Every structure is written in C-alpha cells, then in structure tokens.
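Novice: Construct the complete structure from the given sequences, taking the supplied hints into account.
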Amino acid sequence: MSSVITATAAPAAAPNLPPPADTLLEVRDLRTYFHVMDGTVRAVDGVSYSIKRGQTLGIVGESGCGKSVTALTVMRLLDIPPAEIASGSVWFKGRDLLTYTDEQMRLVRGNEISMIFQEPMTSLNPVYTIGDQISEGVVLHQKLSKKAGLEKAIESLRLVGINNPERRVKQYPHEMSGGMRQRAMIAMALSCDPDLIIADEPTTALDVTIQAQILELIRKVQDETGAALMLITHDLGVVAETVQDVVVMYAGRVVEQGSVDEVLLAPKHPYTEGLIESIPSKGKRGQRLNVIKGTVANPFNLPKGCNFMPRCPYAFDPCPAHDPRIGDASPPDVACWLYTRAPGAGPPPKLRPRVPALEVGPS
Amino acid sequence: MAETAHPAEPLHGELAQVAEIAAEEAGTQDFEVALESLNQWQLAWRRYKRHRLALIGSFFLMSMIAVAVVGPIIWPYNPNDIPGVTTPGGDPPTLNPIENIFGTDFGGRSVLQMVIVGARISVAVGLFTMLIATTIGVTVGALAGFAGGRLDGVLMRFVDLMLAIPFLFVILVAARFFGGGDPVTLIVIFGLLFWPGLSRLVRALYLSLREQEFVQAARAVGVSDLRITFRHILPNALGPIVVSATLIMAGAIVTEAFVSFLNFGIRATDVSWGNALSNSKGYLLQGNWWWPFFPGMALALTVIAVNFIGDGLRDALDPRSKE
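If you read the sequences in order, they're chains A and B.
Per our numbering, the first sequence starts with residue 1, numbered consecutively.
Per our numbering, the second sequence starts with residue 1, numbered consecutively.
In case anyone wonders, no lab produced these hints; they're calculated from the structure.
Here the structure is a predicted model, which is why all the values come from computation and not from measurement.
All C-beta atoms, glycine included, are put in the ideal place defined by N, C-alpha and C.
On the chain B side, residues computed to face chain A include the following (Cβ under 8 Å):
hint : residue
1    : Arg219
2    : Val221
3    : His232
Okay, the calculated beta carbon distance ranges per label pair:
hint : chain 1 : residue 1 : chain 2 : residue 2 : range
4    : B       : Leu192    : A       : Ala212    : 55 to 61 Å
5    : A       : Gly161    : B       : Gly148    : 36 to 42 Å
6    : A       : Leu144    : B       : Gly148    : 29 to 35 Å
7    : A       : Gly178    : B       : Arg157    : 40 to 46 Å
8    : A       : Ser145    : B       : Val154    : 38 to 44 Å
From chain A, some residues computed to sit far from chain B (all C-beta separations above 10 Å):
hint : residue
9    : Arg28
10   : Gly46
11   : Ser87
12   : Thr101
13   : Lys143
14   : Ser145
15   : Gln211
16   : Lys220
17   : Gly226
18   : Gly258
19   : Ser278
20   : Ser281
21   : Gly283
22   : Pro299
23   : Asn301
24   : Pro310
Specialist: Right, here's the structure in full:
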C-alpha cells in the first residue's frame with residue numbers, strides 16, 4: 001500500500017491515502033469537466049462518496065446534475081477530450097483507478113465493476129445473440145472457451161429469472177421485450193461476479209409494473225452475489241426501496257448525504273426537501289404539488305455563491321456570496337449555510353418548520 | 001340464458017377464472033420462446049428473395065462468373081488461330097458453324113469466343129477491385145470514424161487529396177506507366193483508386209454508430225477498442241457497405257472497358273470486352289454491328305445485373321425496411 005502513495009506523490013497537505021480495507025469504492029473530491037465550444041461545464045465539481053463492500057448507495061438528482069458523469073468517470077468511459085478529469089481520486093479495492101493505464105482499466109471493466117444501462121432497447125447489439133453478448137465478457141475476462149462462456153450465460157440468465165435460458169441465449173435482442181432485455185443486461189453485468197454493479201437509471205425506460213420486478217431482481221441478485229450496488233436514479237421512490245445510503249447531487253455537487261432514513265425522513269438541505277415535497281402522496285390528495293421553482297442552474301454560468309441559491313426559499317445573507325461545501329457545515333453531511341455559520345456572516349435564521357416526511361409506499 | 005339473468009356476481013367470478021387460466025398459460029408457455037429465431041442475415045435473405053430483379057441479376061452474374069471460370073477451359077483461346085473470313089471485315093452472325101452465332105471479326109475469329117474469354121478479365125477486374133477497394137475503404141473509414149481526433153484528420157485529408165486528383169488521368173498514366181497491359185496491375189491500380197468514396201461512407205456510419213448505447217455497453221464490459229471497431233460496429237454498418245461495394249464492382253467493370261477502349265488498359269493481344277469494343281471501332285462504318293454489339297451487351301448486362309443486386313441488397317439489408 002505504501003508504495004502506491006509514494007508513486008502517486010500525493011501533496012503533503014492532504015495525503016491521498018487509500019481508504020480502509022472494508023471500503024470498496026471511495027471517490028474523493030472528483031472533478032470532471034467538459035471543454036466544449038461554449039466554455040467549460042463543470043459536470044462533476046468536487047464530489048466525494050464511498051461504498052463499503054456489499055453495501056448499496058443511491059445517487060439522486062435532477063437531469064444534468066452530474067450523477068451519470070460520476071459513474072462514467074469511475075468506469076473511465078468518458079472520451080478525453082472533450083472530458084477532463086481535473087482532480088480527485090477513485091479508490092477501488094485500495095488502488096486509485098485514475099492512475100490505471102487504459103489496458104489495466106479494460107480488465108477492471110465488466111470484471112470487477114460492471115454497469116447496467118438505462119436503455120435496454122439500445123444497449124444490446126442487434127446483430128448478436130443474447131448468449132454471444134453475455135458470454136463475451138466471461139470469455140474475455142475469465143479466459144473461458146466459447147462453449148463454457150455460453151454455459152455461464154445460461155446460468156446468468158437463469159439467475160435473473162428468465163424461463164428457458166437454453167433457448168433464450170440463441171435469440172436476438174429484437175425478439176425480446178423491454179423487461180426481458182433489461183434482465184439480459186443484468187445477467188450480462190453479473191456474469192463475471194463483479195464486486196461493484198453500477199446501475200444507471202435501470203428502471204427509467206421500463207413501465208411501472210416491470211420497474212418493480214427489475215428492482216426486486218437487482219436487490220435479489222445483489223443479495224445472492226454479495227456485490228456492492230451504486231444506483232443512479234432521479235426517482236426517490238426507487239431509492240427508498242432499494243438503497244441504504246443516499247447522496248443527493250445538485251449542479252455537480254453533493255448537497256446532502258446520509259442513510260436513506262436520515263435523508264428521506266428528515267431532509268436537511270432545501271433541495272432535498274423540495275424533491276421530497278414534489279412527490280405525490282396520499283396525504284396530499286386534492287392539493288397542488290409543490291415544485292422547486294426555477295430551473296436547473298445553467299452549467300456555463302453558475303451562481304457565484306451557493307449553486308442552489310436562486311431557487312432556494314430560505315436564501316439569506318451569506319448565500320449569494322459564499323459557496324457552501326459539504327464538510328463545512330457542523331453536521332458534515334449537508335452543504336447549506338442554514339446549518340453553520342458562513343465566514344463573516346451572522347448566525348443562520350431560525351430553522352423553519354420541517355416538511356412532512358416522505359411516505360414510503362408502493363410508487 | 002339462465003346464467004346471464006343472474007346478477008353480476010357469478011359472471012365476475014367466471015371472468016377472474018378465465019384471466020387466471022390465461023395468466024397461467026402465458027407463464028408456462030412463454031410465447032416469445034415459441035417464435036422461430038431468425039438472425040439479421042436470414043431476415044435479409046427473406047426480403048432479398050422478394051426482389052425479383054435482384055434475383056435475376058444474381059442469377060445472371062453467377063452465370064457470368066461460371067462462364068468466366070469454366071468457359072476458357074472448355075474453349076481454349078489461341079490468339080494465333082486466324083481462320084479467315086468469307087466476307088471482308090468479318091462474317092455476320094450465322095448458325096453454321098454454330099460458334100459463329102455472334103459473327104466473327106475481320107480475321108474470322110468467333111465473337112462468341114471473344115465474349116466468353118473476355119468475361120474472365122472483366123469479371124476478375126470487377127470482383128478483385130471490389131475486394132481491394134472495400135478492404136481499404138472499410139479499414140480507413142472505420143479507423144477514422146471510431147478513433148476520431150488526429151487520426152481521423154490525417155486519414156480524411158488524405159482522402160480529400162485522393163478525390164482531388166483527376167481520377168481518369170491517374171488511371172491512364174498509372175496503367176501506362178506500371179502496367180504494360182497486365183490485368184493484375186490494372187486490378188491493383190483500380191483497387192487503390194476506388195476506395196476513398198467508400199471510406200467516407202464508412203466513416204460517417206461509424207460516427208453515428210459509435211455513439212450508440214451498445215458500444216458504450218461493450219466498453220463497459222471491457223471489450224477492446226479494436227474489437228469494438230470491427231466486431232461490434234462493423235456488422236451493423238455492413239448493409240450500406242455491401243451496397244456500395246456492388247457499385248464499385250460495376251464501376252470497375254465499366255472503367256476497365258473504357259480504359260481498354262482507349263488502348264491504355266489490357267494489352268491488345270489479350271481479350272477483354274473493352275478490347276473487343278476498341279478493335280471493332282474501325283469496322284463499324286462497314287456495318288459490322290455484331291462485333292461491338294455482343295461484347296458490349298455482355299458488359300452492359302453484367303453491369304446492370306450488379307446494379308440490380310445492389311438495389312436488392314439495399315432493400316434487404318436496411319433494418320428499417322418494412323416486410
């Protein structure tokens with residue numbers, strides 16, 4: 001371990017030490033920028049989180065908040081340029097993935113970390129059979145023969161609850177329904193027994209009845225294989241049912257994090273609160289739903305102080321001038337001046353009444 | 001009748017029962033599995049079979065290839081065999097002897113024999129030019145389109161350069177300079193000149209296909225870039241490539257005839273359709289129509305057949321085409 005530290009020559013001020021051994025993935029102060037014609041988009045701007053072995057982490061936020069980009073950065077699947085990983089480290093099993101060569105990284109992908117994509121309709125290659133596609137990773141990483149790979153594919157398909165896997169492996173993607181294809185994608189992600197599965201909006205493209213089945217399936221296989229799960233979604237209902245820890249992102253930052261109970265039942269950040277208030281529930285029957293006013297911050301022109309300030313109902317003195325970072329506040333899991341004193345500012349105003357907590361139920 | 005007179009209660013129960021049975025059947029039979037599995041190529045063949053002109057074209061081209069391969073073996077060509085003629089300038093088509101059914105040239109040599117022996121060079125030029133040009137075009141286009149960036153820039157500027165040089169001029173100069181009328185040299189020259197258009201097409205296909213999610217998914221599984229380029233993307237781009245390759249073949253056959261007509265192509269002692277056209281040009285005014293007509297028809301029909309095949313393939317390989 002110590003050799004890694006000297007090799008990367010971490011700055012003396014904040015030594016970049018590997019996390020404890022039970023931490024499977026730790027992302028530290030990750031910054032991913034896109035340099036495009038109109039300027040630079042700070043898609044991920046100083047994000048940190050960690051997942052312990054076998055645990056589940058949900059990453060929540062609106063479209064464009066950078067949640068998918070963090071996952072793609074961990075997988076090193078972004079095209080560089082236009083993307084740039086400006087700083088940070090991604091510790092996976094005690095090694096920093098950002099120091100890997102492309103070839104080393106290729107051996108991690110699909111083998112130790114695998115990914116489930118949003119669109120099962122387009123994520124499978126139309127010209128190969130399901131079996132070919134599932135076995136490809138196994139043949140590649142575990143150096144199995146094609147025949148053994150196909151056996152493994154059949155086994156994976158059985159694990160994800162597909163009837164008649166021996167015939168299914170010979171079918172093409174266009175012969176399957178959306179839910180079936182997503183099961184096949186999950187089988188593909190499982191085939192090499194990865195330590196971490198990243199699911200990027202795995203249920204968004206499916207209809208509601210299938211959504212529940214797929215979530216149940218992901219939970220089941222995660223239980224059986226002992227893999228850790230990183231679930232990226234904008235659906236708080238999905239988060240409530242599936243994960244243990246939550247990271248809430250807004251405009252490339254983590255604004256709040258904690259266990260799912262803490263975050264959903266007692267949200268601290270005004271953004272989290274707004275997200276929860278905007279969910280329809282039985283108690284709000286007949287009322288207009290609350291919405292978060294305004295639109296997502298323009299990535300080319302972020303506000304000077306807190307990114308959420310223009311939309312925040314509680315904005316006060318320090319918000320336009322000072323940028324809250326997670327860890328600055330006294331409860332270190334929220335980035336908001338309501339919870340701590342900004343430099344040179346007065347004490348925060350009296351905390352407002354709490355919103356009713358999220359009613360967790362069938363969504 | 002008595003059943004329907006009853007209130008809704010039993011009917012409800014019946015419906016529920018029917019639904020239950022249906023659900024059970026759906027679960028056990030799994031109707032998706034029952035469908036016959038057809039891959040992309042089987043589906044394409046099914047559509048191709050419906051394209052009558054393409055079928056006729058394929059049949060014609062197959063026969064032409066068979067003639068080219070077998071014909072000269074059965075009917076050996078001897079350039080020194082000059083049987084002589086009864087009519088000055090060549091005999092018109094006749095059934096006696098039967099080998100002069102297409103008439104003869106000024107030396108009494110059968111035009112039918114010319115068509116058969118000439119098929120070898122024309123078909124070979126078409127097929128092998130297509131192979132060379134397609135291989136280069138696909139490789140260059142795929143690398144440029146998938147890798148992008150600097151490699152793309154360099155390759156595409158080179159393609160621009162190739163397209164900027166007057167095509168005919170290069171062919172004529174190269175054929176004269178390197179060739180000496182050797183068919184193999186001609187094929188290589190054609191192959192090296194016919195690919196730039198195809199490479200642009202392939203690059204454009206790759207630019208759109210590489211953004212597809214299945215490419216991202218393949219990368220997430222750890223598949224190498226080279227394998228993604230040729231194993232994952234290429235089969236998806238094959239339809240337009242195949243169509244374009246048939247056009248290259250037709251173009252090469254016509255160009256060979258054309259270059260030979262100008263006496264820059266196949267050496268005059270070899271027989272090709274283009275040479276036959278070229279040699280006959282002095283006798284046309286005497287009314288010897290049969291001499292250029294039959295080789296010309298063979299050429300035209302072969303090119304049309306190839307174009308029909310291309311047309312059929314375009315319809316068959318387009319995944320969006322309706323059944």
